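Asker: Letter by letter, the chains look like this.
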Amino acid sequence: MSGPLVLGIETSCDETGIGIVRGRQLLSNTIASSMDEQARYGGVVPEVAARAHLEALQPSIEAALAEASVTLDDLDAVAVTSGPGLAGALMVGVGAAKALAVSLGKPLYAVNHLVGHIAADILTEDADRLEYPTVALLVSGGHTSLLLVRDLTSDVELLGETVDDAAGEAFDKVARVLGLPYPGGPEIDRAAAEGDPLAIRFPRGLSRASDMVEHRYDFSFSGLKTAVARWVEQREDAGEPVPVADVAASFREAVVDVLVTKALDACARHGVPRLLLGGGVIANRRLRDVALARAKAAGVTVRIPPLSLCTDNGAMIAALAAELISAGREPSTLAFGADSTLPVTEIQV
Amino acid sequence: MFLGIDTSLGTSVAVVEDDGVIVAEASSENPLGHAEVIGDLLARVVAESSAPLTHVAAGMGPGPFTGLRVGIAAARAFALGRGLPVVPVVSHDAVALGVLLRSALVDGLDSDSARFAVVTDARRREFAYSVYDGLDDDGLPVREVGPALVPRDDLDRVLADLDVPRLDAASVPATMVALMGARSVAAGREVAASEPLYLRAPDVTVGGARKRVGS
Ligand SMILES: [Zn+2]
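The listed protein sequences correspond, in order, to chains A and B. If you read the first sequence in my numbering, its first letter stands for residue 618, the second for the next number, and so on. If you read the second sequence in my numbering, its first letter stands for residue 12, the second for the next number, and so on.
So that you can see chain B by itself, here it is in the shape it has in the complex (with noise of 0.2 Å):
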């Protein structure tokens, strides 16, 4: 019984089965605000869930920092407080998992093709996305590329070079982190590190000479 936690663009919250049956799951579409909806989730989706927890699934973006972050010190201190492991999945991932799992009812996927960029918003004028190819073996989504930044302007040239079409994501469910993180561990694969997926470094200037006060 898998949890899965999601706060990369909005917040989601979902408990899953191991063969992907959906339990409880629970969501805010707020872009912001999960420090504040994290908890009432979580509550509704435990007490929902009769069967004991085994494992959490984190999504590790890439999202917003101040968001993401949520997400992940939730994951990870739910699951100390239950003894359970964290298991690490790239929001992407999910989201093209859940495509691949209902891709003909996709608006603007060819549902014959497998192969298509998941794209979200990165905040300063840059996008972060992925391309995937279909599922592999293990019933995990093949990706081909990133996650990686683009600036906002390049990003429908950089994906006619890889010759794919792009699926702008709105959210990430936590029921697709949380199958993710199920199909992960049943194959014995690891498939995210388990620090957050930042692709920036923090936006500071190191102190320089310091500015005049006077004229």
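Next up, chain A with everything else stripped away, as it sits in the complex (with noise of 0.2 Å):
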């Protein structure tokens, strides 16, 4: 197996990634999170992920090399996430990126982070069963979209995406209305286990037959995460112990539910028999499991990669480039900068 050698640099929210690959297979996938200095705020605080990212991006493009014993010299280009993401965040990748490139003489290529979830999947051993279009779920604690790809280097879609909270969001401000610590999505997981996930019926967001026109594909997870904090306050005011396991199971059941849904709805409307499932929050038992089942009563094939490869990660963004390389795309030039808000229509820039 052969293919470019590329180095991918991931710096848009909270996880410092250095991922390199040759063509399609891995090579190395080093990732430094400051999860838990962001515990102490109770969430992703900007400021703080930047000074990280600057810390981290040396000892840990080091550490990528020698864990896939190569060295800078031997690379064919170098790969950056342009956005979207972070602003502050991204731009100390786009510096990086942009020296590195320019101390080796070597091409950059500027990618688009969504589009890299989608293209973790090419890492994974059994890649030739990745066939397009597909639908593409991807839900982190920045991010919660729903997409269409025809052609990985050429041609993704945005169907629709969260209209304020990303899902993973949602998983910790819940999870502090609950008492629980950050970062949301495990704890909440774990506080659901003893619940019953039918106990409360908690709202799904823009799931009306009026949202279907215009957000049918969009998420909102604003409402809920009231909806919940309305109801705790309730029993707390009443002097009623708050039953922790329901409430957490029933609202993980709407999250779940809702996202699934529109998923499904996208593959039905689309005529597309095939989900990829990428982003942090996937390492979510439930969703998994609700994912897989109600996919496969409707006929279609999901498909996820490895938790390794669905949270945020410099292998994912090497092996875009990859593809794009070996697709005969040329380099970015080096006025790109970071685009907090990148389309997911520009897969390259």
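Source of the hints: derived by calculation from the structure; they are not laboratory data. Among these hints, one or two may not hold up.
For the chain A half of the interface with chain B, some residues (derived, Cβ under 8 Å), not all of them [claimed, not checked]:
no., residue
1, Ile678
2, Leu689
3, Gly705
4, Val709
5, Ala713
6, Ala716
7, Gly954
Just some of the chain A residues that point at chain B, by a computed CB distance under 8 Å [what the hints assert, rightly or not]:
no., residue
8, Leu674
9, Val711
10, Val719
11, Ala955
Label-pair distances were calculated between CB atoms; the ranges are [as the list claims (entries may be wrong)]:
no., chain 1, residue 1, chain 2, residue 2, range
12, B, Leu160, A, Tyr749, 51 to 57 Å
13, A, Gly840, B, Ala212, 30 to 36 Å
14, B, Gly44, A, Ala855, 53 to 59 Å
15, B, Ser205, A, Thr878, 49 to 55 Å
16, A, Gly840, B, Tyr209, 33 to 39 Å
17, B, Leu160, A, Ala826, 52 to 58 Å
18, B, Ala212, A, Val859, 31 to 37 Å
Here the structure is a predicted model, which means the values were calculated and not measured. For each residue, glycine too, the CB sits at the ideal point set by N, CA and C.
Reassemble the complex: the two chains are provided individually, in unrelated frames, and hints are given to aid placement.
Answerer: Structure follows, in structure tokens:
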């Protein structure tokens, strides 16, 4: 197996990801997270994330090179996330990537973070099975997006995205309402294990018939978060104990239900019997279980990359660049910037 | 041969020889857009430098954090790519060195007096300032005070107490960052720490009691 040797740099949120790939072969996937530090604040603080990226970059690059047993001189190209993401965090990676490329005299590919999440799937062992078109559901603390991918390097369409909080953010905020620590995803999961997901019927955002015109594939989690907080407050005000397990399970069910329902609706409406899942929230077992079961019933094949490639990482950025190189794309010019709202249609900038 | 990089105000990169002769220089005065311009500026000065680089001097601030980090990240990554050491420099020191080397030409500074304060915008209604008193035997500026932050309205009173004229810097020349690096290496001295001069903790409030959503 061969292909271009690419080092990818990812700094769009709170993980400093450095990955090295040779074509579709994963050589290293080094991730330094500032999550422990963020936990003190109960969420991702952009300035804390950006400071951590600056400190983690050089050691992470060195660790990735060592793990891959390659040197910087061996590289065919450098790749970096241009957006979307936190502007100040992205800029650290962009500045480093440009300087590294100039220093080495190597081409630089600036790519889209969300499309990178899709590219993560080609690094899996059975990558030959990846077929297009596919619907992709990307869920993390920073984004919640539904995409239609006709071609990884040339044709990705945004079907819908969250209009307020990302799903991962909703987990963090509801965890706080329930007095659980950050990050909320695993905590809600743990609390929900003993709970009844049907105990409380929390609202499904943007799921009414009237929403189907303009927001059929969009998501909204801020109303859900408020509904949970209000429900808990009413219990507390009445002097009654809060059934944390039931609240956690019912909240999680509302999130999972709306994610899976909209993803499978997109598959059906576009006649695409394939669904790719990505993003850190895919670590949530209930989401995976419900997606797999309901997709099977709908005749939709589900692909889930290994979790180490679902969370933000540099390998997916390197993989996307390697595909662009293999497709004959020219490198990015050096004038691109960090674009916090980079549209998904801009696969390379 | 020193590559200097500073993004504490605009974006400036330069290559100078060990004795300070400028080989190449490229800058953008734009106080934003550091990430956009840094690559082209670097490519330009590197293309104009024939002799191999030996060190990368990095302006460590003070300066607005988001832009400042772009230059430090670039300096570290460039050095990593070539296996070169990074020489950290206080950005105000580079301004002071430039002022002292051509003090007679600078408006508002009595050329007989070597004492002055370098002042830069620190955002959030604060200035960053450092006070200097001439050059030492190694040709490096002597920093008496700072870099430190002061509320904008207090700056002139603070400088009056210190009895130094105020010199507002609109840019930090990378040529002087590189020369600071060259002189400090020649003298065998470390003139700055390897961490950014943020001078401020991240602006966050640790989550307290949760807010009520109902009435
Ligand atoms: Zn992501």
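Asker: Each hint should be assessed against the structure and marked as holding or not.
Answerer: Hints and how they fare:
| no. | hint | result |
| --- | --- | --- |
| 1 | Ile678 | holds, 6 Å |
| 2 | Leu689 | holds, 6 Å |
| 3 | Gly705 | holds, 4 Å |
| 4 | Val709 | holds, 5 Å |
| 5 | Ala713 | holds, 4 Å |
| 6 | Ala716 | holds, 4 Å |
| 7 | Gly954 | holds, 4 Å |
| 8 | Leu674 | holds, 6 Å |
| 9 | Val711 | holds, 4 Å |
| 10 | Val719 | holds, 5 Å |
| 11 | Ala955 | holds, 5 Å |
| 12 | B:Leu160 - A:Tyr749: 51 to 57 Å | holds, 54 Å |
| 13 | A:Gly840 - B:Ala212: 30 to 36 Å | holds, 34 Å |
| 14 | B:Gly44 - A:Ala855: 53 to 59 Å | holds, 55 Å |
| 15 | B:Ser205 - A:Thr878: 49 to 55 Å | holds, 51 Å |
| 16 | A:Gly840 - B:Tyr209: 33 to 39 Å | holds, 38 Å |
| 17 | B:Leu160 - A:Ala826: 52 to 58 Å | holds, 56 Å |
| 18 | B:Ala212 - A:Val859: 31 to 37 Å | holds, 35 Å |
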